[in-house]
Amino acid sequence: MARIGVFVCWCGSNIAATVDVKEVAKEAAKMSGVVLSTDYQYMCSEIGQNLLRNAIKKEKLDRVVVAACSPRMHEVTFRKAAELAGLNPYLVEIANIREHCSWVHKNKDEATEKAIALVRAAVAKVTLNQELIPGEIGIEKRALVIGGGIAGIQTALDIADAGYMVDVIEKTPSIGGKMAQIDKTFPTLDCSACILTPKMVDASMHPNINLHTYSEVEKVSGYVGNFEVTINKKARSVIIEKCSGCGVCIEKCPSRKTKSEFEEGLVNRKAIYTPFPQAVPNVPVIDREACIKFKTGKCGICKKVCTAEAIDFEQEDTKIIQKYGAIVVSTGYDLIDLAKFGEYAYGEDPDVITSLEFERITNAAGPTAGKLLRPSNNEKPEKVVFIQCVGSRDKTCRGKTYCSKICCMYTAKHAMLIKEKYPDIEVHVFYIDVRTPGKNFDEFQRRAVEEYGVNYIKGMVGKVFPDGDKLRVYGVDALSGDTIEIDADLVVLAAATKAKEDAEELGRKLSISTDTNNFFTEAHPKLRPVETHSAGIYLAGACQGPKDIPETVAQASAAASKAIILLSKSKLINNPCVAKVDETICCGCLECTNICPYEAIASTIIEYRDHGKMIKKLVSEVNEALCQGCGGCTVTCRPGAIDLKGFSNKQILAEVDALCF
Amino acid sequence: MLLESKENLTIDKEEFKPLIVAFCCNWCSYAGADLAGTSRLNYPANIRIIKVPCSCRVNPNFVLRAFQNGADGVVIAGCHPGDCHYSTGNYFARRRLTLFTSLLNYIGIESERLKVDWISAAEANKFATVMNDVLEKVHKLGPNRKLRDVRWKR
Amino acid sequence: MTRVKVNPSNRDKEISRIIEISGENIYSCMQCSKCSASCPANSEMDILPHQVVRILQLGNYERIVNSQTIWNCASCFTCGARCPRDIDITKIMEAIRLTVIRNKGESRIDVDELPEKIDDKMPHQAIVSVFRKYRK
Amino acid sequence: MKYSYFPGCTLKTKAQELEKYALRSAEVLGFELEEQIEWQCCGAVYPLATDEIATKLSSVRTLASAKENGNKLVTLCSACHHVIKRVNEDMKTDKSTRDKVNNYLNISEDYKGEVEVLHYLEVLRDEIGFDELAKLVKNPLTGRKIGAYYGCLLLRPDKVMGFDDPENPSTIEEFIKALGATPVKYPYRTECCGGYLSLDNKDKAANMASSILLSASKHEANEIVTACPLCKYNLEINELKSKVTVTYFTELLAEALGVK
Amino acid sequence: MEEMISKMKKIAYEDLSTKKVDRVIGFGKGDFIYEANPIFISNLEEVDLLVWDLFCVNNLSKYLINELKNYQKIGIFLKGCDSLGFNQLVKDNKVDPDNVIVYGVPCEGMIDPNKLSKKNLLKDLRYLRRVDEKLIIVTKQGEKELIAKDYEYDKCLKCKHPNPVVYSELLESNTLRNSILTDDFEEVDRIEDMNSEERYEYWSEQFSKCIRCYACRNICPVCSCDKCIFDNLDIGVSGKAKVDSEDQFFHIVRAYHVAGRCVDCGECSRVCPESIAIDKLNRKIIKDITEIYGEYDAGLNPSKSSVLVNYKLEDFDPFETSKGGK
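So the protein lines, in turn, are chains A, B, C, D and E. Counting in our numbering, the first sequence runs from 755 upward without gaps. Counting in our numbering, the second sequence runs from 3 upward without gaps. Counting in our numbering, the third sequence runs from 131 upward without gaps. Counting in our numbering, the fourth sequence runs from 12 upward without gaps. Counting in our numbering, the fifth sequence runs from 6 upward without gaps.
Don't read these hints as lab results, they were simulated from the structure. There could be a bad hint or two in this list.
Stated by the list, open to error - Covered stretches of chain A, going by a simulated chain E footprint (3 or more residues, C-beta under 8 Å):
hint, region
1, 1339-1352
2, 1381-1393
3, 1400-1410
Stated by the list, open to error - Selected chain A positions facing chain B (Cβ under 7 Å, derived; list incomplete):
hint, residue
4, R826
5, V830
6, E853
7, H854
8, W857
9, H859
10, E864
11, K868
12, A871
13, Y1228
14, S1267
15, T1268
16, N1271
17, P1283
18, L1413
The C-beta atom is built at its ideal place from N, Cα and C for all residues, glycine as well.
Construct the complete structure from the given sequences, taking the supplied hints into account.
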């Protein structure tokens, strides 16, 4: 028989004014298993806790119910107190007679009656409580950063500076990401390369950072502190260690038909290439789809000219399996495909370009060496039209419902860059709303209007008619109601940002969720913005939602510090309220494995003896380190083989019974 | 005799204090109920809350047991879809309970007696409103005799 | 210029009628004016399509029905095709027209007027369309 | 292959060529257009109001009779196509319209949007294939520069019509190419011709039509083809101002197939 | 029919004699002409006992669970509806498909002896044969031609899978019967149309007939737990007392346990000695699933997860009263 002690708290008058605590204690004393029932003004106070501890020792209590405030307030307090008295903390239950009773009811009789019922339920539950002992898990002191843009670079540098090893996985041949493509950054107009490339070099030189470029995550298993990741290092066909980066191979390569990804397709690149001159590592890669040697077997010029003997046509993809304690996802974003926006003639007329293409055109290291030229005829444009919100704030299937956040600022930047170099070019910006929250942002945009004379027109463009060598832009000024027609030479579309195409797939590998737009979901939109629902996995940058560079860097450092906090611990304590399988009942249907959000349930084959015969049986098995205790599996289990410690079927049924008493 | 029993019935109805058992998920709805307390919002005392880790922990068995043993109504409250502490728990709960509530209704249990709703930790007002609403509807329906175990005292 | 009185009570009457007939949510509109920019008939419109929606949002039904805009809409569906908020403005225009012509004696075109407006090449289709669009 | 065929009023009066050449060409191309018995005018404009039922009935009758015959329904006139296709979509997806219409019509089996509605051009493109069509051409229209004029009704709303990319279509250009002529892409090919405005507001319609003709002639088209009698009318009365002639696509087809 | 029987015998004989299988599960004749019972064959001489007629309604798939404990490789004759159950057994890891050879038997609908009995045709029945839509029946009184549909099991009238959906060998490649494409759930609608009092009354009456024999559970190919929750008093969920609330609890939970997994084979109702309308519970859930989550496909694909262990973000939400959270 259990020896239960019930302690009813007055909480000053908070409870006692509405609930007859003496009556509650008196009724509780009559309940089955209760050997002590008492009340006190403030159970959470030092004296109250001592009362509890002494009673446990003196009355040899093996279970405790505290009727007080919400368990969200003081469950931890009372459990600690019990533990100090030598009682397993999970043998303590709280009856919430303040938030759920005295504070919400007025009638004293009713409130008292309810408080008694709540205590009865807690007593019924605690009778079935069992000692629970949390497990401990070790932590692999190494972090993985997925994505080598500015977010990934910053995260890696911060974690590495804290003294932990970091591996960075980058899908493309070089780190740098979108920021490497950008010309100038708002609102200061400093050169993007000038601030990014030193960081790229720092990352490559840091003794604690390992770069895996041209690589992808193939598989992730394990759990917080103990992830096991399989990385697929794609065959580069160039031996990194041997290559001196002289570039002769690129110069001599005869294949020149592939559009350069880095230059947004404005120019072509070779089959062997480095994406851009400042690439890190500065080692070329052979694009096997484009390479003549790989397509026809003939050629191999690059190999002949390479004095370092770095070219290796036989190289194969290699797999690296590595353990990590923490993972930071920083895979960035893309621009949406504009094929569906036929009214803007993108793809139809070469002088209609995206904002990212514009970045390349205006970039001194870009295909036009920074001169603003029309792609159609390489002449300087006289009139340039910018159209914002192409696909942003768009409820139709063509676009995205959200605001892409960065376009207002970069469009103002683009307009200013033109005006600064070529004051004679007319610049018009069509916008729906100008949104410039951010330090010095609005001042920046106003400067474009007030000092540079950029013509801002509120309204979307209806259609861009290619007309001879001009682009006839039809719009409306929504404010004046005037219809507008501009003979433009260049039209720049601020295409909406979107999550990476493979975000959902990566999310599945990592067991982290994506929202309706495929951006990764943070654990809490306000209070846990860089964490995910999976412990040990953090988010940095635009993979979580559209972000500009300052925000991305801030979030990257935040994610890094979260990872550092985790890695700096010597061990992790588990929540012991986890699922447990009764193998004798489990029928091996494995439905529970389907719904576990943490992949904490796996199958295993057990052997047992039945009537002298060894029988093999398929059953589910819970990995207690992974289980977070949601209990969803228990409901899929028809025979009731899987149960949740601390919230078992019997415990909850006992509570139901007690409440219906 | 007949008249007498009729009288008894009306008195019964007046004194009828419905019992509502509410299963609240720890992270949203239970916290929402706490906030209702902190905000001193009123709702009737006949609502009794059981804490579960997640709405996906609520087994239909629990609901049936509550009705068997005397509950006049049952509430299941969880985080809003998309906000589940365990990412996906309430999505499964939503499917299960969509089918289960429909099934109970099909068996003849008035749909007002089993209420499922999503209540966030911030929605103290919603918590109180939902509870008041359920109580009012159940009160109108009168004591539940369906599924009741005759051996149970209440 | 007189100050326009915002009249939210109109939402209960004519405006909600328009919303009901059109089946479109006028409050989705964020005034990007792409409809107006796209409209091939905008030069004949004293109130541009996006302004029509805005004025409906403000509840000024009178101003809308007295405008030429609704009668110069050719129902070419370009506005709705391009609207980023997925509003079929054509349906709103139609709904406004209907609130007028469904009233007795409010037909926009008279049968007697027809002969002078028709030439012998004009297809039936045009006449049927006009009957459907301008009278009930 | 046999199709149910809905001609529409205009094709029996002012736009007889559109039909005549379509039927002749079909014969050559090896499919049959079986004119429906007792068809009624489609109403020329699709009833945009959610609460209109009566104006949708004639289209549903047409559709239901095609269903009875077990055929796909083919149309020629853009307007009829637009109306019937959209009503069909309503019958497929909008339960309240479906129930009301079926209640009213009281046909033996409820109509639920089962019939596939095809424009003649879609038959050429999807059922016969432009490659196949090109093989059957007897008099290739080599050297002729022809602009396609789509207008509104075939293309929009894309969600329902699903004819082609509404902003940048290519079906008629491919059709022209199949006949051996040179298609001319000009920016105004999807703009509105003014439609029924030409009855009450002639100037406006004239304006709208002229911009289309100007755009086509600027891109050196000598001819324009269309599928809509009203478009043809609007463009034709302004034809004089430019040197572009306007014909039905079926006329062009018949010419190339040698049955004109 | 005779042709089918000889095919069955041939394949059973072949596979047993070549040791391809060491056990065959099929149909044999019972005591009455309108009875066909499962038979289990290991000896070649027993192959001759195999029959196939219009009473082979039994779903044999579940016998595999027990038989596979003692035999290595089993050949089994399965109809369309049985094959769905087989797939579910595979999905629930109750049967390893590698150890089973499924002889697919296309079915043209089975005849319900109760329906014959109601027309007084059962007593002197000698012979029954089906010719397309007609039923040729020979009794003492002579031969008679009936409309087959009038005597088929209700479940056969709504058959979606007259042909097996999975098989190793198909005994007859022709489809003998058209499948019903859209289910009308008319019998469910009729209950839904009642008010809640009437519904409760209806079901109370149904459930109170229950003698808790568990035949419905035992025949069901998706009720395959080793230890059913209703046989496990220790778990504290349910008792065995014969009171209404326990019976109601049993039937509701049974229906819920097969939700999304039930293959609608109708065996539960068929075997119920008290004729409880068990399938009307199952079919209500199937109707809901079809309407809310799209086409019902339990038993079609053993690798696809069932409705209740799956979700979509955009699932229909009957509960949302106000937007909140995000």
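Verification of the hints:
Judged by the Cβ-Cβ criterion of 8 Å, the region 1339-1352 of chain A is covered by chain E as claimed, because 9 of its residues qualify and three suffice. Note: the region 1381-1393 of chain A has 3 residues with beta-carbon separation from chain E under 8 Å; the three-residue rule is met and the coverage holds. Evaluation of the coverage hint for the region 1400-1410 of chain A: fulfilled, as 3 residues show C-beta separations to chain E shorter than 8 Å, against a requirement of three. Taken as an interface hint, A/R826 checks out: its beta carbon lies about 6 Å from the nearest beta carbon of chain B, inside 7 Å.
For the restraint placing A/V830 at the interface with chain B, the shortest Cβ-Cβ distance is roughly 14 Å, beyond the 7 Å limit, so the hint is violated. Interface restraint check: A/E853 against chain B, minimum CB-CB distance 3 Å, threshold 7 Å, status holds. Because the beta carbon of A/H854 sits about 5 Å from the nearest beta carbon in chain B, less than 7 Å, this interface hint is met. A hinted interface residue such as A/W857 counts as satisfied when its beta carbon comes closer than 7 Å to some beta carbon of chain B; here the least separation is about 4 Å, so the hint holds.
Hint on A/H859 holds. Least Cβ distance to chain B is approximately 5 Å, under the 7 Å limit. Annotation: A/E864 was flagged as interfacial toward chain B, and the flag holds, the nearest CB pair being 4 Å apart, inside 7 Å. For A/K868, the suggested interface contact is upheld, since its CB lies about 5 Å from the closest CB of chain B, less than 7 Å. Interface restraint check: A/A871 against chain B, minimum CB-CB distance 6 Å, threshold 7 Å, status holds.
At its closest, the beta carbon of A/Y1228 sits 40 Å from a beta carbon of chain B; the interface hint therefore is violated under the 7 Å criterion. A hinted interface residue such as A/S1267 counts as satisfied when its beta carbon comes closer than 7 Å to some beta carbon of chain B; here the least separation is about 5 Å, so the hint holds. The interface hint given for A/T1268 is violated, since its Cβ lies 11 Å from the closest Cβ of chain B, which is over the 7 Å cut-off. For A/N1271, the shortest C-beta to C-beta distance to chain B is roughly 12 Å, which exceeds 7 Å, and the interface hint is violated.
Checking A/P1283 against chain B by beta carbon gives a least distance of about 14 Å; that is not within 7 Å, so the hint is violated. Given the 7 Å rule on beta carbons, the hint for A/L1413 holds: about 4 Å separates it from the nearest Cβ of chain B.
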